[in-house]
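As you go down the protein sequences, you meet chains A and B in turn.
Number 633 marks the last residue of the first sequence (the numbering used here); no jumps.
Number 949 marks the last residue of the second sequence (the numbering used here); no jumps.
For the record, the hints were derived by calculation from the structure and aren't laboratory data.
Owing to the predicted nature of the structure, the values given are computational and were not obtained by experimental measurement.
We put the CB at the ideal spot given by N, CA and C, even for glycine.
Any given hint could be a false lead.
[What the hints assert, rightly or not] To be clear about the criterion: a stretch of chain B counts as covered by chain A if any three or more of its residues have a C-beta under 8 angstroms from a C-beta of chain A, and this derived list gives those stretches:
hint: 1; region: 647 to 658
hint: 2; region: 697 to 710
hint: 3; region: 713 to 719
hint: 4; region: 733 to 745
hint: 5; region: 758 to 770
hint: 6; region: 820 to 827
hint: 7; region: 934 to 947
Each chain, written out:
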Amino acid sequence: MRAPKFIIVGNVDDGKSTLLGRLMHDTGCLFADQMPDFIEGENGAIDFSHVSDGLRSERAEGITYDLAYKYIQLQSENGQKQSLVVIDSPGHFEFTAKMVAGAVQADFAVIVLDLTRGFREQTQRQLRLLHVFGIQKFIVCLNKIDQVAGCGGAVAPVIYQNLIDEVTGFMAGLGANPPQFVVASALRGWNVAEATDQLPWYKGPSLREIIVRAARAASDITRSGQSRNVQPGGDPIILIQGEAGPQAMSKNWPEGARLFYTQVLKGQIRVGDTVSNLMAGGDAQNILDCKILKIFCGFEERNQVGEGQAASIVFETSEKSAPILFKRGDVLSTVANQRRASTKNLVGSLFWHLSEPLAIGETLVLSRAAKEVTATVVNIAVLGKDRGASPDRREIGRSAPDRREIGRNEIGQVTLRLSEPTFFAFSPNLPELALAQVRRLNSADAAGVFTAHEFQPVVLWLTGLSASGKTTIAEGVARRLKASNIEAHLLDGDAIRALRPQIGFSRTDRVQHSKYVAERAAELEREGGVVIVSLITPFAESRDYARNTCENFCEIYLNTDLAVCEGRDPKGLYKKARSGEIRDFTGINSPYEVPQHPDVTIDTAKSSVDEAVDQVFGLIKTLGIATSFDREL
Amino acid sequence: MNTAFANLEAESIYILRESAAGFRRPVILFSGGKDSVVLARLAEKAFYPAQMPFEFLMVDTGHNFSEALSFVERRMSGIGRPFYVRTVSDAMARRGVTLDPIASRNQLQSHALNDAITELNIDALISGARRDEDKARAKERIFSRRQNPSFSPAANVGLALSSAKGARVAAGWQPENQEPELWPILNSKLQAGEHMRVFALSNWTELDIWNYIRDEKLEVPSIYFSHERDCFKVGDVWMAPVADQGSAIKSTHRVSGVRVRTVGDMACTALFESAARNVDDVIAELKTSEISERGLRMDDKTSRFSMEERKREGYF
Ligand SMILES: Nc1nc2c(ncn2[C@@H]2O[C@H](COP(=O)(O)OP(=O)(O)OP(=O)(O)O)[C@@H](O)[C@H]2O)c(=O)[nH]1
Ligand SMILES: [Mg+2]
Chain A
1 MRAPKFIIVG
11 NVDDGKSTLL
21 GRLMHDTGCL
31 FADQMPDFIE
41 GENGAIDFSH
51 VSDGLRSERA
61 EGITYDLAYK
71 YIQLQSENGQ
81 KQSLVVIDSP
91 GHFEFTAKMV
101 AGAVQADFAV
111 IVLDLTRGFR
121 EQTQRQLRLL
131 HVFGIQKFIV
141 CLNKIDQVAG
151 CGGAVAPVIY
161 QNLIDEVTGF
171 MAGLGANPPQ
181 FVVASALRGW
191 NVAEATDQLP
201 WYKGPSLREI
211 IVRAARAASD
221 ITRSGQSRNV
231 QPGGDPIILI
241 QGEAGPQAMS
251 KNWPEGARLF
261 YTQVLKGQIR
271 VGDTVSNLMA
281 GGDAQNILDC
291 KILKIFCGFE
301 ERNQVGEGQA
311 ASIVFETSEK
321 SAPILFKRGD
331 VLSTVANQRR
341 ASTKNLVGSL
351 FWHLSEPLAI
361 GETLVLSRAA
371 KEVTATVVNI
381 AVLGKDRGAS
391 PDRREIGRSA
401 PDRREIGRNE
411 IGQVTLRLSE
421 PTFFAFSPNL
431 PELALAQVRR
441 LNSADAAGVF
451 TAHEFQPVVL
461 WLTGLSASGK
471 TTIAEGVARR
481 LKASNIEAHL
491 LDGDAIRALR
501 PQIGFSRTDR
511 VQHSKYVAER
521 AAELEREGGV
531 VIVSLITPFA
541 ESRDYARNTC
551 ENFCEIYLNT
561 DLAVCEGRDP
571 KGLYKKARSG
581 EIRDFTGINS
591 PYEVPQHPDV
601 TIDTAKSSVD
611 EAVDQVFGLI
621 KTLGIATSFD
631 REL
Chain B
634 MNTAFANLEA
644 ESIYILRESA
654 AGFRRPVILF
664 SGGKDSVVLA
674 RLAEKAFYPA
684 QMPFEFLMVD
694 TGHNFSEALS
704 FVERRMSGIG
714 RPFYVRTVSD
724 AMARRGVTLD
734 PIASRNQLQS
744 HALNDAITEL
754 NIDALISGAR
764 RDEDKARAKE
774 RIFSRRQNPS
784 FSPAANVGLA
794 LSSAKGARVA
804 AGWQPENQEP
814 ELWPILNSKL
824 QAGEHMRVFA
834 LSNWTELDIW
844 NYIRDEKLEV
854 PSIYFSHERD
864 CFKVGDVWMA
874 PVADQGSAIK
884 STHRVSGVRV
894 RTVGDMACTA
904 LFESAARNVD
914 DVIAELKTSE
924 ISERGLRMDD
934 KTSRFSMEER
944 KREGYF
C-alpha cells in the first residue's frame with residue numbers, strides 16, 4: 001500500500017520549510033550525519049528550513065524555489081509508525097504553478113499561516129486552488145505564535161480565534177470543507193511534534209497528531225473514495241497505456257487476440273467480462289465490444305484484477321479484421337450503452353500560469369494521462385475575488401462574469417471544443433482522467449491546468465403528448481441539477497411559442513418550430529450548457545434533426561397513455577380538441593409518431609416525478625455526461 | 634485528492650510504460666545497485682508476457698567492486714535485451730586525459746554517460762535514482778528534460794577536472810528552470826537537442842526497495858551483506874583499495890564483517906561494520922540506523938551541494 005501524501009502550502013516566509021524541518025527533527029526523521037548540513041552561522045544553530053531547501057540558490061535566497069519531496073515516518077498514539085510523503089511547496093506568487101502541481105498529488109494539505117501577518121491574498125489564492133483541484137482535508141497551522149508578545153496570556157487566544165473565524169468564513173464561501181486548526185511555533189517546536197505547555201490556553205492536539213489522524217483517514221479509503229473494507233463496486237474504468245506488438249502474441253491465443261498494457265483506475269474486472277470503449281464517441285457503429293481473455297499482473301496470470309493495479313490484458317474481439325482495437329489513452333468500461341461518454345464539448349476550471357492571458361478563441365493542447373487532444377476556447381468566465389469564492393458554473397450565461405480572459409495565476413471557468421471526442425472524468429479520485437496539462441498550440445511550455453466539471457454539456461430532449469409530464473419532469477431534473485450547482489437551461493415548448501406567436505400547429509409550422517428549438521439548444525450546449533427541452537415534438541423528422549444538430553443528445557420519451565393525458569387535461573386543451581374548438585391537436589386530430597429508439601422511456605402514469613427524475617439521472621450517468629463515476633447522483 | 638496508484642509497483646510500471654510509449658530509444662541505466670535491480674524487475678513485469686522495449690547501459694568507472702561487476706554480467710545475460718558497457722577510461726582517453734589510477738572517477742562518469750547518449754542516440758535514460766536519497770534529488774521531476782551533450786573534448790575536460798563550482802556542462806540539470814510536472818501526466822515532449830531523464834522509482838524509499846527485494850526474492854550483489862575484506866581506514870570508515878592501487882596503500886586490515894549501503898565507485902563508497910548477512914537482517918538494521926543512506930558516500934562530501942553540482946554536469 002502506498003503512503004499518504006500531504007502538501008505544505010502557505011504564503012512566502014510564513015514558515016513552511018521551517019515547520020517541515022522542525023517536524024522531521026523532533027520526530028527523529030533526520031540522521032546524525034546530515035545535521036552539519038543544516039547548521040547555519042557561527043553559533044551552530046540549526047536552520048530547519050535547510051532540511052527541504054536543498055538547492056544552493058534556495059539557501060542563498062532563503063526561499064523555496066521548487067517542490068521538495070520528503071519521506072517520513074510519524075509515531076501515532078498506539079505506537080505504530082505511519083509512513084507519509086510530504087511535499088514542501090514554494091509560497092511565492094511566482095511559483096504558484098508548482099504549488100498546484102504538488103497539490104494535485106496530495107491526499108490532504110497543511111496550510112501554514114504566519115499569524116502576525118494575517119490571512120493574505122496569496123494564501124487565499126492557494127486555498128481556492130486546493131479546493132478546485134480536489135483537496136478535501138485542510139489543516140491550518142497558525143505559525144509564529146512565539147512572536148506574539150505574551151503569547152501564553154490573554155491576547156494570543158483572541159488573535160487565534162479571529163483568524164480561525166476569518167479562514168473558516170473564507171472556506172465556507174468556497175464551498176470547501178471546514179479546516180482544522182492548530183497554533184504552533186515552527187522555530188521553537190511548540191505544538192509541532194508534541195503539545196506545548198507554553199500556550200496553556202490551547203487545548204488541542206499537536207500538528208503531528210493531527211497529521212497522523214488525517215493520514216489514517218486517507219489510507220482507509222481507496223483512491224476512488226470507497227472504504228477499503230468493502231469490495232470495490234461500481235463500474236470499472238480501465239486506461240489503455242499501450243499495445244504489445246504482434247510478436248508478443250502467444251500461438252495458443254485465438255486469432256484476433258491482442259495484448260494491451262492497462263491501468264485499472266477504478267473497480268474490478270474479470271476474465272470473461274465484455275468491455276466497450278468510452279472514447280468511441282457518439283457514433284454507435286464505431287463501437288467494438290471486446291472480451292477479456294487473459295489478465296496478467298506482473299508475471300502472474302489472474303482471473304480478476306482490482307483498482308489501482310497495472311495489468312496486461314489480452315482482449316478478444318469477434319471482428320478479427322479490426323485494424324485497431326484500442327488506441328493509447330482510450331478508456332474502457334464494462335458498462336453497456338456508454339456510447340456517448342466522450343464528448344467534444346467540455347466544461348471545467350482552468351488555472352492559467354503564463355503572463356500573457358488566455359483569451360476566447362485560442363487553441364490549446366490538453367494532455368491528460370496517455371492522451372493529447374487540441375481544443376478551442378469557446379467561452380471563458382472569470383469572477384472577481386470579491387464575487388464569492390470559486391468560479392462557479394452557475395454563473396455562466398447568467399450574470400455577466402467580471403472578465404472573459406484568464407490572467408496569470410488565476411482560475412477561470414472555460415468551455416472547450418475538442419478536436420475529437422475524448423473521455424474526461426470529474427472525480428478528483430481519478431486524476432488520470434480528471435486533470436489535463438494545458439499548453440498553447442505550437443508551444444512547448446506548460447501554461448495551465450484543466451479539470452473537468454461534474455456535469456458536461458448535454459441536450460435532454462423530452463418528447464411526448466400534451467400533459468404527459470414533460471414540463472414537470474424537466475423542472476424536476478433542473479431542480480436536482482441545481483443542488484449540484486448546475487443551472488440548466490429550460491427550453492419549454494409553450495414558453496417559446498409565447499415568444500413566437502406567428503407559429504401555428506400545422507405540420508410545417510411544428511417542424512419549423514422544433515427546428516428552431518433544436519438550433520437554440522445546440523447553441524447553448526456549445527457554450528457549455530446543460531439544456532432541457534420539453535416539447536411535444538410529434539414528428540420523427542424533427543427529433544432526427546435535433547439529434548443531428550446537438551452534440552450530446554438524449555431522447556427521453558414520455559409514453560404516458562393518451563387516456564391518462566386526456567384525463568389530466570390541466571389546460572382543458574383535450575376537451576377543446578375533442579369538441580373541435582382546437583384543430584391539429586397531437587393525439588386527437590394530429591399524429592404523434594412514436595419514437596423507435598429513445599434513450600429512455602418513462603411512463604408517468606406508473607412512476608412518480610421523483611422516480612422519473614431518477615431515470616433521467618440514470619441516463620445522464622450511463623452516458624457519461626455526469627463525469628463522476630463515484631458519487632451517487 | 635488521492636494519488637494515482639494503489640502501490641509503488643503500479644506507479645513505477647505506469648512510468649515505465651509511459652517511457653516506452655513516449656520515446657524512440659529508451660535505455661535503462663543499470664549499475665547493479667539495489668535500485669537498478671528493482672528497476673530491471675519492474676521493467677520485466679510492466680510488459681509481461683511481452684518483452685520490454687528497453688535496452689540497458691552501464692557506466693564502468695574501472696573502480697567497481699568485482700562482486701558488483703560479476704553480478705551485473707549475470708543479471709544482464711539473462712535479460713534478453715541489448716546491454717552496453719561504456720567506460721570512464723575510454724571517455725577520458727577521447728578527451729586526451731590520463732586517469733589517476735586512484736582518484737575517484739565518480740564525477741567523471743557523467744562524461745561516459747554523455748558520450749553514450751550521443752553515440753547510441755538515446756532520447757530517454759531511465760534510472761532508479763530516488764528522491765529520498767538526497768536533498769537535490771528530492772527536487773527532481775519524474776520526467777526531467779536535459780540538453781543533449783555536445784561533444785567538445787577540450788571544453789569538457791576543463792570542466793571535469795575543475796571543481797566545477799557553478800560550471801555548466803551540457804546535459805546538465807537546471808533546477809531553476811524545471812516546468813511544473815502535473816503527475817500523473819508525464820510530458821514526453823522534447824525540443825530539438827534534448828533528451829529525457831526518467832526517475833521511475835522517485836517515490837520509493839530505501840526501506841521500500843529492500844522490502845521489495847525481499848518480497849520478490851531478488852538477487853543483489855553480495856557486497857550488500859556482511860563479508861570479510863581487506864580494508865584501510867579513512868577517518869572512521871573503511872575503504873576498499875581499488876584494484877590497481879597496489880603499494881600505495883601501506884596498511885590494509887582484514888576486517889571480518891563489513892558491507893556497503895550503496896554500490897558505487899570503490900574510491901568513494903565506504904564500507905561499514907555490520908553483521909547483516911541477509912535481506913531480513915539488512916531491513917532490521919535499516920530500521921534502527923542512525924546514518925543516512927548516502928552518509929558513507931565520499932562523493933557527497935566534497936561540498937554541501939555536491940550532488941546538485943554533479944547533476945548539473947549530467948550525473949543522474
Ligand atoms: N519567530 C518565528 N520565526 C519563524 C517561525 N517559523 C519560521 N520562521 C522564520 O520565518 C522565515 C521564513 O521561513 P521559511 O520556513 O523559509 O518560510 P517558507 O514558508 O518555507 O517560505 P517559502 O518556501 O519561500 O515560501 C525564516 O526566517 C524562519 O526562521 C516561527 O515559528 N517563529
Ligand atoms: Mg519554504
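Quiz item: How about the region 713 to 719 of chain B: do at least three of its residues have a C-beta closer than 8 angstroms to a C-beta of chain A?
Solution: It is violated: at least three residues are needed, and the region 713 to 719 of chain B offers just 0 whose Cβ sits closer than 8 angstroms to chain A.
Practice problem: Check, residue by residue, whether the region 820 to 827 of chain B contains three or more positions whose beta-carbon lies closer than 8 angstroms to a beta-carbon of chain A, and give the verdict. | Solution: holds (count 3)
Quiz prompt | 8 angstroms C-beta test of the region 733 to 745 of chain B against chain A, three or more residues | solution = violated (count 0)
Quiz item: Are three or more residues of the region 697 to 710 of chain B within 8 angstroms, CB to CB, of chain A?
Solution: Coverage by chain A is violated for the region 697 to 710 of chain B (0 residues, Cβ < 8 angstroms).
Quiz item: At a Cβ distance under 8 angstroms, does chain A reach at least three residues of the region 647 to 658 of chain B?
Solution: Satisfied; 5 residues make the cut.
Practice problem: Given that the region 934 to 947 of chain B was listed as covered by chain A, double-check it with a C-beta distance under 8 angstroms for 3 or more residues. | Solution: holds (count 3)
Exercise. Between the region 758 to 770 of chain B and chain A, see if three or more residues pass the 8 angstroms beta-carbon test, and mark the coverage as holds or violated.
Key: Answer holds; 5 residues pass the 8 angstroms Cβ test.
Comparing the model with each numbered hint stated earlier shows that hints 2, 3 and 4 do not hold.
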